[in-house]
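Q: Start from the sequences, fold in the hints, and give me the full structure.
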Amino acid sequence: MNAASPSRAGWALVLPLVAFIAIAFLAPIATMLLRSVHDPEITDLMPRTRQALARWDGIGVPQMAAEAVTADLQEASATNQIGRLAQRLNREQNGLRRLIDVTARELEQNPDTQLARIDPGWSDPDLWRILARVTSPWTGRHLLNALDVTVTADGALVRQEEVRRLYVDLFLRTAWVAALVTLICALLGYPYAYAMAASGPSLRTLLLFLVLLPFWTSLLVRATAWIVLLQRRGVINEGLLAMGLISETGRLDLIYNMTGTIIVMVHVLLPFFVLPLYSVMAGLPTSYVRASASLGAHPLRTFARVYLPLTYPGVAAGGLLVFILSLGYYVTPALVGGRTGQLISNQIAFHMQRSLNWGLAAALGTLLLLAVLLLALTLPRLAERGGLRA
1 MNAASPSRAG WALVLPLVAF IAIAFLAPIA TMLLRSVHDP EITDLMPRTR QALARWDGIG
61 VPQMAAEAVT ADLQEASATN QIGRLAQRLN REQNGLRRLI DVTARELEQN PDTQLARIDP
121 GWSDPDLWRI LARVTSPWTG RHLLNALDVT VTADGALVRQ EEVRRLYVDL FLRTAWVAAL
181 VTLICALLGY PYAYAMAASG PSLRTLLLFL VLLPFWTSLL VRATAWIVLL QRRGVINEGL
241 LAMGLISETG RLDLIYNMTG TIIVMVHVLL PFFVLPLYSV MAGLPTSYVR ASASLGAHPL
301 RTFARVYLPL TYPGVAAGGL LVFILSLGYY VTPALVGGRT GQLISNQIAF HMQRSLNWGL
361 AAALGTLLLL AVLLLALTLP RLAERGGLRA
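To convert, note that position 206 of the sequence shown is 206 in the UniProt record's numbering; the numbers rise steadily by one, no gaps.
The set of hints was computed from the structure by calculation and includes no laboratory data. Some hints here could point you the wrong way.
Said to hold, decoys possible - Label-pair distances were calculated between CB atoms; the ranges are:
1. L240 - A27: 48 to 54 Å
2. Q353 - A156: 30 to 36 Å
3. F20 - W216: 21 to 27 Å
4. L374 - A27: 21 to 27 Å
5. P191 - A27: 40 to 46 Å
6. T340 - A186: 21 to 27 Å
7. Q109 - V18: 58 to 64 Å
8. E162 - D119: 27 to 33 Å
9. A186 - P40: 42 to 48 Å
10. E162 - I29: 32 to 38 Å
11. P191 - A293: 17 to 23 Å
12. G140 - A27: 22 to 28 Å
13. L375 - N257: 25 to 31 Å
Heads up, the beta-carbon is just placed ideally off N, CA and C, and yes, glycines get one too.
A: Right, here's the structure in full:
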């Protein structure tokens with residue numbers, strides 16, 4: 001009993017943290033995963049249509065479903081939900097908004113009018129197959145849309161129209177930017193971390209302070225400072241102009257494009273590469289390097305064959321951290337990216353805040369989460385198999 005009491009006391013101390021993680025972290029992720037495949041909005045607006053089409057064999061025009069659609073549209077008009085329904089259906093098939101609006105107006109004036117007399121589109125079985133698919137609360141439409149794929153009326157998977165193919169290119173652009181930012185951080189961070197590990201106590205303290213300083217400065221402040229530096233009449237352009245390196249008409253476009261996004265992301269994420277690498281370098285025994293030098297190895301050969309392999313764990317940890325953080329970056333592209341410097345996170349925010357297409361936003365977030373989990377699970381194992389562990 002005495003042994004059980006400390007255990008219960010320990011769980012009592014951990015319980016608030018577990019509850020916080022569940023509420024602030026796990027619950028939002030679970031909600032996002034659910035929204036990507038569960039969309040009851042159309043079902044709630046067209047409940048009779050859903051029930052009627054559930055018993056339809058997919059052949060011809062279902063008369064019972066036509067009556068159900070009439071009743072659902074009349075109820076939506078009476079409750080001022082017809083605009084919401086038309087907009088929502090138009091996301092699934094272009095032209096449905098006009099069809100719903102025209103039909104709803106005609107039913108208000110002549111409630112007994114048949115749908116086919118209002119618009120010949122109601123006589124198309126493909127339209128009813130689309131309604132049967134979109135009125136289901138469980139759907140893979142959003143995940144398919146996030147991959148630039150759509151479902152035809154007969155259930156076949158095809159690529160979206162070229163003008164609507166957006167998200168695959170954004171995912172590829174995001175991965176490319178993340179890889180480039182990681183590479184630049186490695187090229188800049190490795191010498192800096194080595195200087196920290198090889199310097200004396202006073203210089204090491206100063207270098208460590210410079211690395212930690214960005215963590216004490218607001219991200220918004222840092223982004224604003226870079227805007228001042230990089231804009232066409234900013235500090236960098238004015239300095240280059242004063243030195244005669246560029247002309248007045250040849251000012252560099254360094255901001256509100258992909259160049260500005262990469263520059264600011266490197267500045268923000270560089271400490272996340274330096275600190276894990278420095279922690280590995282600081283713990284390396286110097287005897288291996290001295291032994292290589294005593295055997296006559298050139299300093300470059302010693303670095304390439306001895307020191308660099310020993311620092312692979314830090315390179316892998318820092319690179320993985322920077323790459324994963326880059327995949328989900330939002331604030332920097334939003335502030336300095338302009339039109340060409342946007343990443344997939346900005347598109348997720350657009351659908352959450354402006355288009356209100358939460359299902360598609362959740363699907364994009366789900367695919368991004370799966371990519372991050374895949375990287376987090378596979379890269380460390382590949383690093384271990386490739387000898388990246390000391």
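Q: Determine for every hint whether it applies to the structure shown.
A: Right, here's what the structure says about each hint:
| no. | hint | in the structure |
| --- | --- | --- |
| 1 | L240 - A27: 48 to 54 Å | 51 Å, holds |
| 2 | Q353 - A156: 30 to 36 Å | 33 Å, holds |
| 3 | F20 - W216: 21 to 27 Å | 25 Å, holds |
| 4 | L374 - A27: 21 to 27 Å | 23 Å, holds |
| 5 | P191 - A27: 40 to 46 Å | 43 Å, holds |
| 6 | T340 - A186: 21 to 27 Å | 25 Å, holds |
| 7 | Q109 - V18: 58 to 64 Å | 60 Å, holds |
| 8 | E162 - D119: 27 to 33 Å | 28 Å, holds |
| 9 | A186 - P40: 42 to 48 Å | 47 Å, holds |
| 10 | E162 - I29: 32 to 38 Å | 33 Å, holds |
| 11 | P191 - A293: 17 to 23 Å | 20 Å, holds |
| 12 | G140 - A27: 22 to 28 Å | 23 Å, holds |
| 13 | L375 - N257: 25 to 31 Å | 27 Å, holds |
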